[in-house]
Amino acid sequence: MAAVDTTAEGAGTVRFVLDGEIVELHDVDPNRTLLQWLRDDLRRTGTKEGCAEGDCGACTVVVGELDRDDSTIRLRAVNSCIRFLATLDGKELITVESLRDADGSLHPVQQALVENHGSQCGFCTPGFVMSLLALFKNADRPGRIEIDDALAGNLCRCTGYRPIVAAATRMYQLADPADADWLRRPGRPGEAPPADRLERLRSIAREQATCVGSGDHRLYAPRDAGELATLLAAHPSALLLAGGTDAALQVTKQLREFETIIYTGNVAELLCIENGPDGIEIGAAVTLADAVPVIVGHYPELEELFLRFASPPIRNAATLGGNVANASPIGDSMPALLVLDCELSLQGAAGTRVLPLAEFYLGYRKTALQPGEFLRSIRIPARSAGDLVKSYKVSKRFDQDISAVCGAFRLRFSGDRVTEARVAYGGMAATPARALDCESALAGAVFDEAAVEQAMQALARDYEPISDMRASAAYRMRIAANLLRRLYLEYSGNAAVGVYAHGRG
Amino acid sequence: MAAADTDRRRIRGGVGEAVPHDSAHLHVAGEATYTDDIIEPRGLLHLAVGMSSKAHARVRRLDLDAVRASPGVVDVMTAADIPGENNCGPVVHDDPILAPGLVEYAGQALFAVAARTYEQARRAARLAVVEYEELEAVLDPLTALAKGSFVLPSETLARGDSRAAIDAAPRRLAGRTRVGGQDHFYLEGQVAMAVPREGGDLYVHSSTQHPGEVQLLVARAIGREAKDVVVECRRMGGGFGGKESQPALIACIAALMAQRSGLPCKLRLDRDDDMLMTGKRHDFVIDYEVGFDDTGRIEGIEFMFAARCGMSADLSGAINDRTMFHCDNAYYLPNVTIVSHRCKTNTVSNTAFRGFGGPQGMYAIEYVIDEIARTLGRDPLDVRRRNFYGTGERDVTPYLQKLEDNVLDEIVDELATTADYAARREEIRLYNASSPVLKRGIALTPVKFGISFTATHLNQAGALVNVYTDGTVHLNHGGTEMGQGLFTKVAQVVAEELSIDLDRIKITASDTSKVPNASATAASAGSDLNGKAAQAAARKIRKRLVRFAARHFGVARDDVRFERNRLRVNGQLIPWEELVRLAWFNRVALSATGYYRTPRINYDRKTFSGRPFFYFAYGAAVSEVIVDTLTGEHRLLRVDILHDCGASLNPAIDLGQVEGGFVQGAGWLTSEELCWSERGELTTHAPSTYKIPTSSDLAPDFRVRMLESGRNREKTIYRSKAVGEPPLMLALSVFHAIRDALSDGRGRPALHAPATPEAVLLAATGGGHD
Ligand SMILES: Cc1cc2nc3c(=O)[nH]c(=O)nc-3n(C[C@H](O)[C@H](O)[C@H](O)COP(=O)(O)OP(=O)(O)OC[C@H]3O[C@@H](n4cnc5c(N)ncnc54)[C@H](O)[C@@H]3O)c2cc1C
Ligand code: FES
Ligand code: FES
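These protein sequence lines map, in sequence, to chains R and S. Under this note's numbering, the first residue of the first sequence carries the number 19, and numbering increases by one thereafter. Under this note's numbering, the first residue of the second sequence carries the number 43, and numbering increases by one thereafter.
Bound conformation, chain R alone (with noise of 0.2 Å):
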């Protein structure tokens, strides 16, 4: 195991490339978010701050990084509001202003802006400005859902957004492909980025465990499992912090400032995904970004819940482990991880043990993670041929909601009779939970009318949900129940189901 210092007391710096140059900050408070910084101590006020929780997207960054590859750098949409700054450390920064050439002309993805009047009061322009770049570099000539995906996380109260979608096609157009600056060249998979460009990225990478802070405060970014581990025994009470997209909204809104926080996000075993014939292994610091597509990959069936998962800028940041780890009773991954039988490696200076996912969850908000123990990673077993699986949302607003219920079913069978029932909810319960009475309804029964009857009632058994803003208790049982008529109508093909493919792509 690497020595790592758990006292720190001499505090590094925050390294990253900003505009071509090397930024390199001293004294970085752990709890100082980018979007202050840039607005407060950089003066950069294009980034905007709407809601400072994530939300609105006026404050949308693109930042680069090194690609697992060494070679590439991938360029993605994050949140400054809930980003700390110290976080930034081994990356590119790029802000909307970085976008206006030399000369002072715009930015393809600008100028389609301006083309098609999609600014009005203009405050959430930038952001916009800033998800459409990392779709115009990502992307080939997308298509509306795409697109609408690519803008989910970014609020617009004037324009009703028609001309900024169709800035989204027309920015395409205006770029040159043999633009001489990358930034303004639309996006080709696998392009190599310009080698200057690369060779800035690798001069400011780590090999060593980092610490920043200013005064008593402190933020270590280990780079093994063991170095977490150990940081972690000598600091119990730390954040653990991983994409920030929960924690940091306790210093955004609770206005707490934590003493001690320990990164994630640069630990090399929580980094990995193991892809093998009998299932997928996702290490707790993985993005959502990068852990859906592996997944999807295995269950189709799981598109549209990670699609509506929060927004592309969250799913940039937000982990898989941290939705897990959170243990939100609403957390929208938790349903279909749990009908699919995972399994969850924690670490701690003990070692490591495996537990069940459905064992994981002890009350609200409360784990079996013991004092000093951490996520390792999360154990996705291989779909097995004639699974039905099936997850669904229900929210207020289609895109970039939290789930009033969110559902999830997988059910075996054996001819028309079900041989294994999983029946799993979020919303319901003070945490996502199995429906064990429906799921032994089910179980055995031939799947049809009377059998999804009876698997509905069952629910009331299951679950006592409660009533808050986003839903009543009524409400939540109704619909939940009604979830279980959508997967059977949807199985039988008796009746179409489900309003959000109408009209769409």
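Treat the hints as calculated values from the structure; they're not laboratory data. Just so it is clear, the structure is predicted and the values come from calculations on it, not from any experiment. All C-beta atoms in this analysis are idealised placements derived from N, C-alpha and C, irrespective of residue type, glycine included. Among the hints, erroneous ones may be present.
What the hints assert, rightly or not - DEER-style ranges, computed between Cβ atoms:
(1) Thr807(S) <-> Glu377(R): 52 to 60 Å
(2) Arg603(S) <-> Asp37(R): 45 to 53 Å
(3) Thr90(R) <-> Thr725(S): 41 to 49 Å
(4) Arg479(R) <-> Asp136(S): 48 to 56 Å
(5) Pro693(S) <-> Arg159(R): 47 to 55 Å
(6) Asp270(S) <-> Ser255(R): 50 to 58 Å
(7) Asp158(R) <-> Thr725(S): 55 to 63 Å
(8) Thr807(S) <-> Gln268(R): 38 to 46 Å
(9) Leu454(R) <-> Thr185(S): 38 to 46 Å
(10) Arg218(S) <-> Asp158(R): 36 to 44 Å
(11) Arg158(S) <-> Arg218(R): 34 to 42 Å
(12) Arg159(R) <-> Asp270(S): 54 to 62 Å
(13) Arg218(R) <-> Ala268(S): 50 to 58 Å
Given chain R's structure and the hints, the job is docking chain S with the ligands onto it.
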């Protein structure tokens, strides 16, 4: 004249041209400066507000020691520290800046704290120890009504004998509906920065639709006069009415602290604080009783409106008046009684929001019409048409204004055809017959919206045009820019009047020291009023230049003609810059003010009658939706809009208003739901819980057109029509399409707004009747 010749002579960026928003280049580059982006003056203090956690209580003890001791804190201020008037209410003086001991809503400002940084101020503001003696709180309009709790007296508008007409009608229907409120969710939250000047004067940067009012209220609060305060606003990051009266609170706090400390002070509300502390669109409970014949034609109708005004009057008087003026929408109501209650509740004081009470009135009548149609089993469009205002007959509104510009039939006929309404209705019927779970629905709803402030005196405006010796122009007027493109449109007017290209005109920030006493930029009247005022100013200068040129060149005035960027004097061509320089050299005044007041309006508020509106804006929309009857989720599939913008000053900007207004209205009626706890705390105070539309909510098939024959019959600025508010109400078609899907040809679904999935599911299964 040959076409090429005309083109050459036509200026760039004149009236009617679809030029981009004047700040579009700055917006996309992140270079447009909003109030929080202004370079901060040295010594700036950041402020935060301590809020009440109770809806109605006496403050027994307000212990601010921990606040004062918090790191970075410089000063703390309560109501007792206000040297002038403790009020930021725009009309009635019932809105304390800082609560003086009695709190009347959860979220009300109790004290303000100044600190070195924004974070320090916000942290400190949470450390107060407050002891409350709780009082009984009135938390909804019906309770207020029962208790007789009102912010203003109730009003009645009546014509004919509605009672007798209803009793005599062959058919009758009575019921109750509700329509929810709406948070503005301007992307830029409320913000102001006050900078001390010499002699105790203040310069205030405020994100406001009404700089003049901020100026007066700030002056009174700090115990000074209007002349001592200048308020400036270059642009807002969205307003929608939410920055009509609400910015005064923010600016007053910043100003008071700046006065105390002698240092610049900035107050920028965090999103949650903004949503908790500032007013929203009024939610209403509406009772109706209507008598009609077998074709659905209304013979008599009575409405009772109970609006949640919140804890103070704010603009609720005029807002509820507008509700009364718009509960006819497009329909002739021969015998009508409208009763309007302005309920006082222990919730945030509700305020202006795009449509200003009009949308709720129109919601009411559209709801009734839909109910009538479903009772009779007729197509709602037939019943709507049966009740449309006529021309020459059935053309007098309940407030006795005669409709002189009715284009309802023209618009609705054209739209029904282009949107293929009849065929699609049939196609949907067939689809629904074979689809047990998913149901589609369609609706066409019209809009008629009265343009002018109902308070007649507000219908005036001023402008200032300066021409510099290099030929460039500085334009200023009393309107404010919140994204609606007002500055661009007014500049186009000036370009047209002076025959110069638009890029020679500099549009400048609204500033109370340049154009005084301006009304709020509201009531959709921005370009009507300020365009005319700027036109008047530009015409003065143009006239002076013509007179001068005639004299100077010794020709008749008729021989002097303006062409693009130049003057033609007999055969001679004089470039504009040269003309200006010559004029200056010859001592011609190159600066002028312009003034305008709207003609032909008069209105007696006592009798609710007269001609409150200069003219009406019209439009109509067809929406089609699909509804999942298992979950209540729904999606908009197709929207067709035909809207009358008159002769548009800028078709691109007007299109943006139509589209944006429609989507905002759709949000109001579907996904945007305000919720309160039993203790009266707002629980939806952030975008995580309050859901405005996103791009995927936009109908995949969205067709918007302007009425081609559009031309205002009144002499408005270049015969254009106001377009800020009216399109919002086109979204009523979305709500009624959902009702249509639920009804599926049978029955009256008990669906009220907002039609959240939960509300829709409840209605789909027969629940929800009030
Ligand atoms: C705008 C917005 C939209 C959202 N939408 C959705 C949505 O649609 N569906 C949904 O489910 N969620 C949503 N979320 C919540 C959040 O994004 C997810 O829960 C996300 O997966 C959290 O991951 P993270 O990496 O950001 O976690 P963090 O914020 O970094 O951490 C969350 C918690 O998990 C703990 N944790 C993280 N990693 C580990 C580990 N390896 N071991 C032990 N503990 C760990 C942290 O200590 C912390 O307590 C949304 C959040 C925002 C801000
Ligand atoms: S400020 Fe709203 S998402 Fe960051
Ligand atoms: S242009 Fe105003 S919020 Fe988008």
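Hints, one by one, checked against the model:
A C-beta distance of roughly 37 Å is found between Thr807(S) and Glu377(R), which places it outside the suggested range of 52 to 60 Å. The given range of 45 to 53 Å is respected by Arg603(S) and Asp37(R), whose C-beta atoms sit roughly 52 Å from each other. One distance hint, 41 to 49 Å for the beta-carbon pair Thr90(R) and Thr725(S), holds here, with the actual separation near 45 Å. The hint said 48 to 56 Å for the Cβ distance between Arg479(R) and Asp136(S), and at roughly 54 Å that hint holds.
Taking the beta carbon of each, Pro693(S) and Arg159(R) are about 28 Å apart, not inside 47 to 55 Å as hinted. Checked against the hint of 50 to 58 Å, the C-beta distance between Asp270(S) and Ser255(R) comes to roughly 53 Å, which is consistent with it. Look at Asp158(R) against Thr725(S): about 43 Å separates their beta carbons, and that is not inside 55 to 63 Å. At roughly 40 Å, the beta-carbon separation of Thr807(S) and Gln268(R) lies within the given 38 to 46 Å, and the hint holds.
Take Leu454(R) and Thr185(S): their Cβ atoms lie about 44 Å apart, and the range 38 to 46 Å holds. Against the hinted window of 36 to 44 Å, the Cβ-Cβ separation of Arg218(S) and Asp158(R) comes to about 54 Å, which falls outside the hint. Against the hinted window of 34 to 42 Å, the Cβ-Cβ separation of Arg158(S) and Arg218(R) comes to about 36 Å, which satisfies the hint. Checked against the hint of 54 to 62 Å, the C-beta distance between Arg159(R) and Asp270(S) comes to roughly 59 Å, which is consistent with it.
Checked against the hint of 50 to 58 Å, the C-beta distance between Arg218(R) and Ala268(S) comes to roughly 56 Å, which is consistent with it.
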